[in-house]
Amino acid sequence: MIKEFIESVGQYCLFLKMVFRKPEKWKIFWRQFLAESEKLILSSVLLVCVISLFIGGVLVIQIASNIENPFIDRMNVGYMLREILILEFCSTIVALILAGKMGSNISSEIGSMRITDQIDAMDMMGVNSAGFLALPKIVSATLLSPLLMLLSLAFGLLGGWVVVSLTGIIGTNQYIEGIKYCYTGFYVFYSGFKMSLFCFLISSIASFRGYYASGGSLGVGTASTKAIVTISILILLFDLVVTQLMLY
Amino acid sequence: MIRIEHLYKSFAGAQILKDITIEYSPGKCNMVIGASGSGKTVLLKTLIGLYEPDSGSIWYGDEDLAAMTYDQKKKLRQRIGMLFQASALFDFATVLENIMFPMDFCTDWSKAQKIERARFCLDRVNVKGADGKYPSELSGGMQKRVGIARAIALNPEFLFCDEPNSGLDPYTSSLIDELISEITKEYNMTTVINTHDMNSIRSIGDNIGFICDGMLLWQGSRDSLDSTSCPQLRKFLRIR
Chain A
1 MIKEFIESVG
11 QYCLFLKMVF
21 RKPEKWKIFW
31 RQFLAESEKL
41 ILSSVLLVCV
51 ISLFIGGVLV
61 IQIASNIENP
71 FIDRMNVGYM
81 LREILILEFC
91 STIVALILAG
101 KMGSNISSEI
111 GSMRITDQID
121 AMDMMGVNSA
131 GFLALPKIVS
141 ATLLSPLLML
151 LSLAFGLLGG
161 WVVVSLTGII
171 GTNQYIEGIK
181 YCYTGFYVFY
191 SGFKMSLFCF
201 LISSIASFRG
211 YYASGGSLGV
221 GTASTKAIVT
231 ISILILLFDL
241 VVTQLMLY
Chain L
1 MIRIEHLYKS
11 FAGAQILKDI
21 TIEYSPGKCN
31 MVIGASGSGK
41 TVLLKTLIGL
51 YEPDSGSIWY
61 GDEDLAAMTY
71 DQKKKLRQRI
81 GMLFQASALF
91 DFATVLENIM
101 FPMDFCTDWS
111 KAQKIERARF
121 CLDRVNVKGA
131 DGKYPSELSG
141 GMQKRVGIAR
151 AIALNPEFLF
161 CDEPNSGLDP
171 YTSSLIDELI
181 SEITKEYNMT
191 TVINTHDMNS
201 IRSIGDNIGF
211 ICDGMLLWQG
221 SRDSLDSTSC
231 PQLRKFLRIR
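Quick mapping for you: the protein sequence lines, in order, are chains A and L.
Everything in the first sequence is counted per this note's numbering, starting at 1 for the first residue and increasing by one.
Everything in the second sequence is counted per this note's numbering, starting at 1 for the first residue and increasing by one.
In short, the hints are calculated from the structure, not lab data.
There could be a bad hint or two in this list.
[To be verified] Residues from chain L shown here face chain A by an in silico Cβ test under 10 Å; the list is partial: (1) L50; (2) Y60; (3) D62; (4) K73; (5) Q85; (6) D91.
Positions of the beta carbon are idealized from the N, C-alpha and C atoms, including for glycine.
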């Protein structure tokens, strides 16, 4: 098992070396980049917004119901919601959700191309297949994913505001005051950085697993499952490491 | 011309190709025949550099494949066309885009020139009115034709076909065979075809090599097939 792990890490590094070769034609790279941005990022917007909206609302109710001490200002509900969303939800939890959507999409797409010889056909034409298939996905996911994090934050706060407005659990002014209280800009950068890193892991590992898929459609399914399991564990591990390095 | 000398290839300790030495001439349909699992596809994929041989050498003209750098191999592959067993057309691209794909990467032609060349290749393989269709909308025979059109898009010197007739009815098979044979002669290409289809072998095979358990046991013309003394080939051909 350890040997297999070391081999996989080595193979992953060699894969990244192939991926990060200079693209044969920049024009084709940009065309692919735009297509992948639409497929990976734009198509995830609705999912991220809906989840964030509901989680924001739920968190407001949960936080408010746990603050019973009259000496704690009710505006802390907004403050705590903002901190939870920025520090953990909008990056780590959203990345875990995207690992399922983006990860399975990428690994099954590339895996299917592998088992139907489409990747061999590209190699045959003298095209760097790893670069052509994975680089636009990795660049697009890494560069544009912080936008999803910002969108998640906005919709999470909006969800909280909707609940506050509809239920009157706390005053709207208190909620907004809490959101603005003790704002630390660095936390947004930290969260955006995490999101970028996690989406790099999602896109690169899913591409890697798909690229080396074998054994027919069953192999594609196995590659997809392996990719999502690996990505999920690595997201949690890197979350811990990055938090320790950047916040402590 | 392609020359293979003492080629060996194994996977996880299992020897797939054993001491293959053969030469393929231009303008001829060079056929590799043998039962399923005999090593034909491994030979083809090793020939085009998708697999690294354990030992032995492969020469394209006077260029040794093993001595080539990454960039030299890329250049060589642009002189090679390949028709895969399952056509391997790109699902994400239309028929026209599939044929333009190698041109996009390997030429500086304008879009109009690429479209013109792609249409010429489609006409050559008798595919009409399918420019905007996706591979999933085509029949097996049409996919093979488009695969051939893509393989000849860059006017290659070498053409490799891996079981071009698999999954096709006898009539379509013979049309594909004729097409490959015509193109080979027309462009003086060195064509290597993997097959176990006896009709193909007898109709277009100019130079035939029989592989059994990874070894090249017999080589000759289609006229000498029936008079072979090789017992394995006689068994394969069902000659008593």
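Hint by hint, here is what the structure shows:
With a cut of 10 Å, the hint placing L50 (chain L) at the interface with chain A holds, because the nearest CB-to-CB distance is about 6 Å. The beta carbon of Y60 (chain L) is not positioned within 10 Å of any beta carbon in chain A (closest approach about 13 Å), and the interface hint is therefore violated. Checking D62 (chain L) against chain A: minimum C-beta separation of about 20 Å lies over 10 Å; hint violated. With a cut of 10 Å, the hint placing K73 (chain L) at the interface with chain A holds, because the nearest CB-to-CB distance is about 8 Å.
Given hint, Q85 (chain L) at the interface with chain A, holds; its Cβ is 7 Å from that chain's nearest Cβ, closer than 10 Å. Among the interface hints, the one on D91 (chain L) holds; its C-beta lies about 7 Å from the nearest C-beta in chain A, closer than the 10 Å criterion.
In the structure shown, a violation is registered for the earlier hints numbered 2, 3, in ascending order.
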